[in-house]
Amino acid sequence: MQNGDVIHYELKEFQVFEPLFRWARKKSLWIVAFCTGCGGIEMPPLANARYDFERFGIMINPSPRMGDLFLITGYVTPKTLKRIIITYEMMQDPKYILAHGSCPINGGVYWDSYNVVKQLDKYIPIDVAIAGCMPRAEAVMDGITTIMKKIENGEADGWKRYRENYEWYRKNQDELFGEGWREKDARRWLAWI
Amino acid sequence: MDMNEKPKVEEKVEEKVENAQPVEENKPELPDTTEGKLVEVLLEKAPYAEGEVIRKRRVKFTVPAERIHEFLELASEKFEMLMQISVVDWLKEGQFEVNYQLWSLSESVHAFVKTRIPRDDAKLPTVMDIWPVAETYEREAHEFFGIIFEGNPRLGPFILEPREYEKHPLRKDFNTLSYAKTIYGEDFDRFDESKTNYVI
Ligand code: SF4
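Protein chains in written order, with my numbering: chain A, 1 to 193; chain B, 194 to 393.
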């Protein structure tokens, strides 16, 4: 029996309630507070009185284990990407990724830079990407509404894609960082290992 | 013929221009302000340096590299704070320009102390004994440009990944585009060297 079967079996029991679950997930997106790059500066206006995303049930949350929504708010360097991947893997399923700006899509203004990752989608699955440099708070709101719709329709399936194509993602990650980077870096961050 | 004899070079006889006036040293006049006085006092103690006032609250010194430590030690009496060490790569001249940016807390004046060193085998003495904070800036300059600060105990990989550390990516002769292609693959779109389809 594989890992996936268990989850399928569990979900089947509650299939009747699935629409309810989706609705509930959509209404309580908790953001992992790990903003990378320029886009992090769009978060305060989003949270303040003008846009106030808390009325949609969105909340900024310091722990990846309780988060649903991972915002990649801008350029990603190999150094941050390592942290992003590990944080993403720590999050519980289902989890969604919203990428801000052109940098995660194709490198943006840094497309010939030596340390900006050009296609984030090669390393972790993105559900919604917002184009623009930098996207205004309205655009981010629009992206969040899109991701809500996708959750309701069951189209936001990045976490499933990551699980199914793990070999491919792993291969790309290893190509960029070199084999055994997880162990090596974990030892550097967590001194007691 | 004696092997040790040096080949004779025709000596050029310089024509002496008659009525040659002694060239007057046109040193920039130092204004009679706080900045001007600061520069004047410092130049009196360190005659090997050049100094000028750029504008209000900004002065500039140019110092030969051998005496930079000595000069900074003198300067630290008036300019108590080291704000940054920045580097400019003059590729055609084969030189690095190292800028020490100092701030005078007592006079509120910002000073640039510039010095030039050759690009290959770039070496400078550390100024950690004057300002301990220099450690970080020197490590950064070492990592991005490959300048060796003698006496700094922590020079080594700092911000960059190890594979970039060896390349010194802010040197002007580092080809970022070809480096990005080899690391990230050629399949990222929108790279176009002729820049005809250059889109951001
Ligand atoms: S797309 Fe623009 S705003 Fe966004 S991270 Fe890149 S450079 Fe910054």
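Any given hint might turn out to be false.
[Said to hold, decoys possible] Restricting the straight-line Cα-Cα distance to at most 30 Å, the calculated cross-link-like pairs of lysine-lysine (DSSO-like) are:
#, chain 1, residue 1, chain 2, residue 2
1, B, K360, A, K122
2, B, K307, B, K374
3, A, K171, B, K360
4, B, K374, A, K122
5, B, K365, A, K79
6, A, K184, B, K285
7, B, K374, A, K171
8, A, K184, B, K307
9, B, K374, A, K79
10, B, K253, A, K79
11, B, K253, B, K285
12, B, K238, B, K360
[What the hints assert, rightly or not] Simulated DEER-style distance windows between Cβ atoms:
#, chain 1, residue 1, chain 2, residue 2, range
13, B, E379, A, P62, 57 to 67 Å
14, A, K171, B, P355, 17 to 27 Å
15, B, R347, A, E18, 48 to 58 Å
Read the hints as simulated data drawn from the structure, not as lab findings.
Note that the coordinates shown come from a computational prediction; the quantities given were computed from them, not determined experimentally.
Even for Gly, the Cβ is constructed at its ideal location relative to N, Cα and C.
Hints, verified against the model:
no.: 1; hint: B/K360 <-> A/K122; result: holds, 26 Å
no.: 2; hint: B/K307 <-> B/K374; result: violated, 36 Å
no.: 3; hint: A/K171 <-> B/K360; result: holds, 25 Å
no.: 4; hint: B/K374 <-> A/K122; result: holds, 15 Å
no.: 5; hint: B/K365 <-> A/K79; result: holds, 23 Å
no.: 6; hint: A/K184 <-> B/K285; result: violated, 41 Å
no.: 7; hint: B/K374 <-> A/K171; result: holds, 18 Å
no.: 8; hint: A/K184 <-> B/K307; result: violated, 41 Å
no.: 9; hint: B/K374 <-> A/K79; result: holds, 18 Å
no.: 10; hint: B/K253 <-> A/K79; result: violated, 37 Å
no.: 11; hint: B/K253 <-> B/K285; result: holds, 23 Å
no.: 12; hint: B/K238 <-> B/K360; result: violated, 40 Å
no.: 13; hint: B/E379 <-> A/P62: 57 to 67 Å; result: violated, 39 Å
no.: 14; hint: A/K171 <-> B/P355: 17 to 27 Å; result: holds, 21 Å
no.: 15; hint: B/R347 <-> A/E18: 48 to 58 Å; result: holds, 56 Å
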